[in-house]
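A.B. asks: Residues per chain are reported as follows:
Protein chains: 2
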Amino acid sequence: MRLLAATDFSLRLLIRLAETPTRHRSTEHLAQAIGVPRNHVHKIVQDLAEAGFVRTIRGAQGGVMLAQPAAAIRIGAVVRHLERAQSLVECFRPDGGACCMSPECRLRATLARAHEAFLASLDSTSLEECLPAGGMQYMVGDALA
Amino acid sequence: MRLLAATDFSLRLLIRLAETPTRHRSTEHLAQAIGVPRNHVHKIVQDLAEAGFVRTIRGAQGGVMLAQPAAAIRIGAVVRHLERAQSLVECFRPDGGACCMSPECRLRATLARAHEAFLASLDSTSLEECLPAGGMQYMVGDALA
Chain X
1 MRLLAATDFS LRLLIRLAET PTRHRSTEHL AQAIGVPRNH VHKIVQDLAE
51 AGFVRTIRGA QGGVMLAQPA AAIRIGAVVR HLERAQSLVE CFRPDGGACC
101 MSPECRLRAT LARAHEAFLA SLDSTSLEEC LPAGGMQYMV GDALA
Chain W
1001 MRLLAATDFS LRLLIRLAET PTRHRSTEHL AQAIGVPRNH VHKIVQDLAE
1051 AGFVRTIRGA QGGVMLAQPA AAIRIGAVVR HLERAQSLVE CFRPDGGACC
1101 MSPECRLRAT LARAHEAFLA SLDSTSLEEC LPAGGMQYMV GDALA
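Sequences listed follow chains X and W, in order. Residues in the first sequence are numbered from 1 upward in steps of one, following my numbering. Residues in the second sequence are numbered from 1001 upward in steps of one, following my numbering.
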């Protein structure tokens, strides 16, 4: 079972932004901070901005910052958004795939329940709770603002 | 989130074998039954046999059949085996990956819990329970044998 590399990178980026929630970060800074090429970061930021997790500000003083407090962002919501075009197996594809065992197969419902259990587990954790231990003291005020 | 195509194909194959648990099926028959090229089926059967889910018998009357009753095979056990070389994200790799955020990151534990919730959900379902509804009547005796 794999998540997209873009999902991995996006979660890293959100954690780095959550560490300094009042500061805009440049794409270049973020690329270095998460160890990912800058062109990847640009795409990731666009996707996260469209979903309302981050906001971008143009200009010399601009950059990227969280659009919501880290305590309000559920990891499940982020992963649901980033993996929205992925299909767990062929029959989960929007077009139904071409599996010759549909529609009588009952494996699909079994996999769908497990998939939902995975996401429900992630829903129980906020971005704030993923920050490095001891790294939150200076931003509690921001997170609650 | 995706499973390997080989996992998808293997689950299909096990369902087809579970439908006629007392009969050996040829690789060619199975390839047609699950809609997958024969060379894929050969590899899948080898992997499932090594894990003790199926057994193979050589010769003209040989073929592949379940090595355990369908009611005794948990979908979670099958998926754990088939996805054993997969890493959910980079830091789940056996070598630890190269993510610059380790080791202080707490996302890993969050993802590990969700991964386990996915597998635990699959553990709650047997292969027998994935068979097409109404397709079990003729094999109850075999499954309990």
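Keep in mind the hints are simulated off the structure, nothing from the lab. All C-beta atoms, glycine included, are put in the ideal place defined by N, C-alpha and C. Just so you know, not all the hints are guaranteed correct.
What the hints assert, rightly or not - Residues from chain X shown here face chain W by an in silico Cβ test under 10 Å; the list is partial: (1) Arg2; (2) Leu11; (3) Thr22; (4) Ile34; (5) Arg38; (6) Asp47; (7) Glu50; (8) Ile57; (9) Gln61; (10) Met65; (11) Gln68; (12) Leu107; (13) Arg108; (14) Phe118.
Unchecked claim - Quick list of simulated restraints, FRET-style, between CB atoms: (15) Glu129(X) to Arg1023(W): 48 to 56 Å; (16) Arg106(X) to Cys1100(W): 41 to 49 Å; (17) Gln46(X) to Glu1129(W): 37 to 45 Å; (18) Ala1051(W) to Gln68(X): 29 to 37 Å; (19) His42(X) to Glu1028(W): 45 to 53 Å; (20) Ala1051(W) to Ala133(X): 45 to 53 Å.
As the list claims (entries may be wrong) - Just so you have them, the derived chain X footprint on chain W, three or more residues with Cβ under 8 Å: (21) 1024 to 1030; (22) 1085 to 1099; (23) 1103 to 1114; (24) 1118 to 1132.
A.B. asks: All hints are to be evaluated individually against the structure, with a verdict given for each.
C.D. replies: We went through each hint and held it up to the structure:
Hint status for Arg2(X): holds, given a least beta-carbon distance of 5 Å to chain W, under 10 Å. The criterion of a C-beta within 10 Å of any C-beta in chain W is met by Leu11(X), whose closest approach is roughly 6 Å, and the hint holds. Because the beta carbon of Thr22(X) sits about 21 Å from the nearest beta carbon in chain W, more than 10 Å, this interface hint is broken. Contact between Ile34(X) and chain W, as hinted, is supported at the beta carbon level, the nearest pair being about 7 Å apart and thus within 10 Å.
Interface hint status for Arg38(X): violated, as the beta-carbon distance to the closest one in chain W is roughly 15 Å, over 10 Å. Checking Asp47(X) against chain W by beta carbon gives a least distance of about 16 Å; that is not within 10 Å, so the hint is violated. A hinted interface residue such as Glu50(X) counts as satisfied when its beta carbon comes closer than 10 Å to some beta carbon of chain W; here the least separation is about 20 Å, so the hint is violated. A least Cβ separation of about 25 Å between Ile57(X) and chain W goes past the 10 Å threshold, and the interface hint is therefore violated.
Taking 10 Å as the C-beta contact cut-off toward chain W, the hint placing Gln61(X) at the interface is violated, the least distance being around 26 Å. For Met65(X), the shortest C-beta to C-beta distance to chain W is roughly 19 Å, which exceeds 10 Å, and the interface hint is violated. Residue-level restraint check for Gln68(X) is violated (minimum Cβ-Cβ distance to chain W is 17 Å; threshold 10 Å). For the restraint placing Leu107(X) at the interface with chain W, the shortest Cβ-Cβ distance is roughly 4 Å, inside the 10 Å limit, so the hint holds.
Against a cut-off of 10 Å between C-beta atoms, the interface hint on Arg108(X) holds, since the closest Cβ of chain W lies about 9 Å away. At about 4 Å, the closest approach between the beta carbon of Phe118(X) and any beta carbon in chain W falls short of 10 Å, and the interface hint on this residue holds. About 52 Å separates the C-beta atoms of Glu129(X) and Arg1023(W), a value consistent with the hinted range of 48 to 56 Å. About 43 Å separates the C-beta atoms of Arg106(X) and Cys1100(W), a value consistent with the hinted range of 41 to 49 Å.
Distance hint check for Gln46(X) and Glu1129(W): the Cβ-Cβ separation is about 43 Å, which falls inside the suggested range of 37 to 45 Å. Between Ala1051(W) and Gln68(X) the beta carbon distance is about 45 Å. The supplied range of 29 to 37 Å is therefore violated. The supplied range of 45 to 53 Å is met by His42(X) and Glu1028(W), whose beta-carbon atoms lie about 50 Å from each other. For Ala1051(W) paired with Ala133(X), a C-beta distance near 38 Å fails the hint of 45 to 53 Å.
For the segment 1024 to 1030 of chain W, the assignment as covered by chain X is violated, since 0 residues bring a beta-carbon within under 8 Å of that chain's beta-carbons and 3 are needed. Coverage of the segment 1085 to 1099 of chain W by chain X holds in this model, with 7 residues showing a Cβ closer than 8 Å to a Cβ of that chain against a need of three. With a threshold of 8 Å between beta carbons, the proposed coverage of the segment 1103 to 1114 of chain W by chain X holds, since 8 of its residues qualify and at least three are required. For the segment 1118 to 1132 of chain W, the assignment as covered by chain X holds, since 10 residues bring a beta-carbon within under 8 Å of that chain's beta-carbons and 3 suffice.
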